[in-house]
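Chemist: Sequences and hints are given; from them, build the entire structure.
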Amino acid sequence: MNWLHDLAYLFGGAFLSNAVPHFVSGVMGQPFQSPFAKPPGQGLSSSTVNVLWGFANIVIAYLLIVHVGSFDPRALDQIVAFGAGVLIIGLMSARLFGRFHGGNAPTGS
3 MNWLHDLAYL FGGAFLSNAV PHFVSGVMGQ PFQSPFAKPP GQGLSSSTVN
53 VLWGFANIVI AYLLIVHVGS FDPRALDQIV AFGAGVLIIG LMSARLFGRF
103 HGGNAPTGS
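Anchor point for the sequence shown: position 29 equals 31 in the numbering used here, and the numbering is continuous, going up by one each time.
A few of these clues could be false.
Unchecked claim - Here are the simulated distance ranges between beta carbons: (1) A107 <-> K40: 24 to 34 Å; (2) M30 <-> N4: 35 to 45 Å; (3) R76 <-> T50: 33 to 43 Å; (4) G100 <-> G31: 16 to 26 Å; (5) L78 <-> L46: 37 to 47 Å; (6) V22 <-> H69: 16 to 26 Å; (7) G85 <-> L65: 13 to 23 Å; (8) N4 <-> T109: 44 to 54 Å.
Honestly, the hints are just simulated from the structure, not real lab data. Glycine residues also receive a C-beta, built at the ideal position from the N, C-alpha and C atoms.
Modeler: Right under this line is the structure:
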């Protein structure tokens, strides 16, 4: 068991989780926050920029998960590392993007 491989799987999960909102927003033709906006992470980037940024995140996730070590979906430590990366970035994204899209204080009926 190599902890560096688990660290790569954690970051692979984080990059994969980060790819989803950017790629989906871009494909839907909607602007979305990105590191390339002004101010970074707060301003909106075009749908094209978000498709490219989302795809870059997918490529990085692929490289970290498939080409580092030998990822085994039946190995608990590897799945936990990957899942933790997905969950951590997912929660961070929910809080960050929720500030801009009303997700942190939804209005209920």
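Chemist: Confirm or reject each hint.
Modeler: Do the hints match the structure? See the list:
Roughly 26 Å separates the CB atoms of A107 and K40, a value that falls within the hinted 24 to 34 Å. At about 39 Å, the CB distance of M30 to N4 agrees with the hint of 35 to 45 Å. Between R76 and T50 the CB atoms are about 39 Å apart, so this pair conforms to the stated range of 33 to 43 Å. In this structure the supplied range 16 to 26 Å holds for G100 paired with G31, their Cβ-Cβ distance being about 22 Å.
A C-beta distance of roughly 40 Å is found between L78 and L46, which places it inside the suggested range of 37 to 47 Å. For the hinted restraint 16 to 26 Å between V22 and H69, the CB-CB distance of approximately 21 Å keeps it satisfied. Remark: the range hint 13 to 23 Å for G85 to L65 is upheld by a beta-carbon distance near 19 Å. The hinted window of 44 to 54 Å between N4 and T109 holds, with their beta carbons roughly 48 Å apart.
The structure shown violates none of the earlier numbered hints.
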